[in-house]
Each structure stands twice: as C-alpha cells, then as structure tokens.
Amino acid sequence: MDAFGQLSDEIQHLVAEFSSAPVVGDLTVGLTQYSFWLLVAAAVFCILIFVFLKRQTLVPHGMFVNGVEYIIEYVENDVAKGVVGTNWKKHFPFLATVFFFILVNNFIGLIPGMKPGTGAIGCTAALALCSFVYFIYYGCKKHGFFGYWKSLAPAGVAFPMNVFVWVIEVFSLLLRPITLAIRLFCNMFAGHIVMGSFSIMAALFAEPMLEQATAATVAGALPSIAWLLILLIIYAVELIVAFVQAYVFTVLSAVYIQIAEADSH
Amino acid sequence: MGVIGYGLGVIGAGIAIGLAAFGATSAMARQPEIQGRAFTVFILASAFTEALGLIGFVVTLIS
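These protein sequences, in sequence, are chains A and E.
Under my numbering, the first sequence has 64 at position 64, and the numbering climbs by one with no breaks.
Under my numbering, the second sequence has 2 at position 2, and the numbering climbs by one with no breaks.
Take these hints with a grain of salt, some might be off.
[What the hints assert, rightly or not] Taking beta-carbon pairs under 8 Å as the criterion, some of the chain A residues facing chain E (in silico):
no. : residue
1   : 84
2   : 88
3   : 170
4   : 173
5   : 176
6   : 178
7   : 186
8   : 187
9   : 190
10  : 195
11  : 248
These aren't lab readings, by the way, just hints derived from the structure by calculation.
Just so it is clear, CB atoms sit at the ideal spot from N, CA and C, and this is done for glycine as well.
Throw the hints in and build the complete structure from the sequences for me.
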C-alpha cells in the first residue's frame with residue numbers, strides 16, 4: 001500500500017510539530033505555542049470562575065452554575081475530605097486550583113487546532129514542583145525543619161536499618177515530583193500523537209479519491225471510514241483521560257500532603 | 001526497532017492493567033456496596049500503570 005509508506009514520514013512531521021517552537025520572541029524570552037495556549041486556558045479559567053461567582057445565588061440555577069458547583073464539591077468530598085482528612089479546609093484551595101488549572105488546560109488542548117498547555121514537560125514540571133514545595137513546606141511547618149526530615153524514617157527501628165530506610169524514603173521523596181510531571185506530560189503528549197496519527201491515516205487513504213474519483217480510488221478510500229471511527233473512539237477516551245489525569249495529579253498531591261502532615265509512619 | 005521496544009514495554013503495563021481490572025471487578029462482585037470506592041482506586045491504579053506504558057511510547061517516539 002502506498003499510504004502506509006507515506007505514514008512513517010508523516011508521523012515524523014507530526015512529532016516534530018509537537019516540540020516547542022516560539023511563536024512570539026525566541027525560546028529564552030517569548031511564547032511557545034504551548035505557553036500561548038496555557039495563557040489562553042488561564043484566561044478562560046478566570047473568566048469561567050468570575051462568571052460563576054457573579055451568577056452564584058443561594059439556590060443554584062441553571063446548568064453552568066450547578067455543573068461548576070458539582071465539580072467543586074467532587075474535589076471537596078472525594079479529594080480533600082477523603083484523602084487529606086481532618087484539616088482538609090487548609091489545603092482545599094490549593095488542591096482545587098491545581099485540579100481546575102489542569103482540567104481546563106487538558107480540555108483546551110482537545111479542541112482541534114489548539115494545544116494543551118500541559119503537553120510540554122516544562123509546564124508539568126513547574127506544576128509538580130509547586131506541589132513538591134507545598135507539601136514539604138507544610139511538613140516542615142507541622143514537625144519543624146529537622147523534625148520533618150527525621151520523621152521520614154519510621155520510629156522504633158534499630159540503628160543501622162534506620163539510616164537505610166531513611167535513605168530510601170528520601171530517594172522516593174525526590175522521585176515524587178519527577179513521576180508527577182512525567183505522568184501528566186506523557187499522557188497528554190501520547191494521546192495527541194495517537195489522535196494525530198489516526199487523522200493522518202484517514203487523510204492519506206482518502207487523498208487519491210479527492211484528486212480523481214474513479215471506482216478504484218473510491219474503494220481505496222473505504223478504510224478511512226474505519227480510521228475515522230477509531231479516531232472518534234480515541235477522542236472519547238481522551239476526554240476521559242483529560243479528567244482522570246487532573247484527578248490523579250490532585251489525588252497524589254493530596255496523598256503526599258497527608259503523608260507529610262501525618263503524626264508518625 | 002523502536003516499535004518492537006514499545007511492544008515489549010507495553011506487555012508489563014497490559015498485565016498490570018488486567019490485574020487491576022480483575023481485582024476491581026471481583027471486589028465489586030463480592031461487596032457491591034464498595035463499588036464507588038473500588039472504582040476510584042481502580043482508576044488511580046490504572047492511571048499509574050498506564051503512565052508506564054505511555055513512557056515507553058513517548059521514549060520510542062522522541063529517541
């Protein structure tokens with residue numbers, strides 16, 4: 001098949017298109033396509049929340065207000081109350097901000113022609129670093145600076161094992177932001193690559209038919225219906241993934257906060 | 001060659017996600033009242049394992 005031969009070439013183009021390129025300025029000072037859509041998402045998020053605040057009444061009316069309230073309550077009950085526990089009120093603003101920021105970014109990226117702000121490793125690394133600094137700060141606040149680092153090792157373990165466990169715990173602590181960043185980035189990046197390659201397949205098979213419509217080219221274009229169907233299914237999966245990744249990031253941040261603030265291991 | 005590497009890498013993630021689904025469905029069958037909680041845990045676990053598979057995919061494409 002001719003179409004399969006062109007595919008690997010096209011996919012190279014697709015992957016090259018996903019690397020950060022400056023649209024304004026250059027790479028040191030300026031906007032890449034990802035940071036541009038990140039700003040767009042942040043603006044959309046602010047507008048949504050302000051409209052929500054404006055239209056909020058004692059008894060919520062309408063689909064928009066009820067929908068936003070439902071998601072906020074979901075974060076509150078499922079993440080803040082369920083994972084963090086008793087002092088959930090202190091951490092709820094941070095968790096809700098992270099959740100909504102990632103959610104809006106992921107959904108902005110799903111609109112064709114737009115890019116997800118979270119599809120660049122720099123953005124997700126910054127988000128993960130925020131969460132890392134946040135839980136270490138609250139751990140230090142709860143136990144004291146040296147107390148927090150000492151509390152990483154479980155109490156009541158004999159001397160040589162104690163040090164060994166402490167080293168492993170510190171190592172896993174340092175791995176947390178890395179795994180947070182890479183998980184979100186890989187999900188966004190890979191999802192968009194897969195969607196892109198299926199739309200390329202659909203276009204490649206249909207191309208001969210658009211140039212000249214004979215019986216042979218029309219028959220050759222039939223597989224592109226299947227590719228389009230698969231593309232639709234993957235798009236639906238990506239809608240779920242966009243939500244689940246925001247949820248996973250928030251839940252993991254909540255788990256780390258809960259561990260940092262726990263009294264003893 | 002990169003495609004073969006991704007195929008090898010995804011075996012582990014496939015087994016893991018199957019085990020997670022198995023555990024979740026049998027837990028729900030034995031105790032239907034735990035359904036909501038079990039589903040949340042299942043989504044979390046599959047997100048972890050899915051990330052492993054995707055790391056293989058992305059590394060294959062980038063390198």
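Results of checking the hints against the structure:
{"no.": "1", "hint": "84", "in the structure": "15 Å, violated"}
{"no.": "2", "hint": "88", "in the structure": "16 Å, violated"}
{"no.": "3", "hint": "170", "in the structure": "21 Å, violated"}
{"no.": "4", "hint": "173", "in the structure": "18 Å, violated"}
{"no.": "5", "hint": "176", "in the structure": "13 Å, violated"}
{"no.": "6", "hint": "178", "in the structure": "11 Å, violated"}
{"no.": "7", "hint": "186", "in the structure": "4 Å, holds"}
{"no.": "8", "hint": "187", "in the structure": "6 Å, holds"}
{"no.": "9", "hint": "190", "in the structure": "5 Å, holds"}
{"no.": "10", "hint": "195", "in the structure": "13 Å, violated"}
{"no.": "11", "hint": "248", "in the structure": "4 Å, holds"}
Of the numbered hints given earlier, the model fails hints 1, 2, 3, 4, 5, 6, 10; all others are met.
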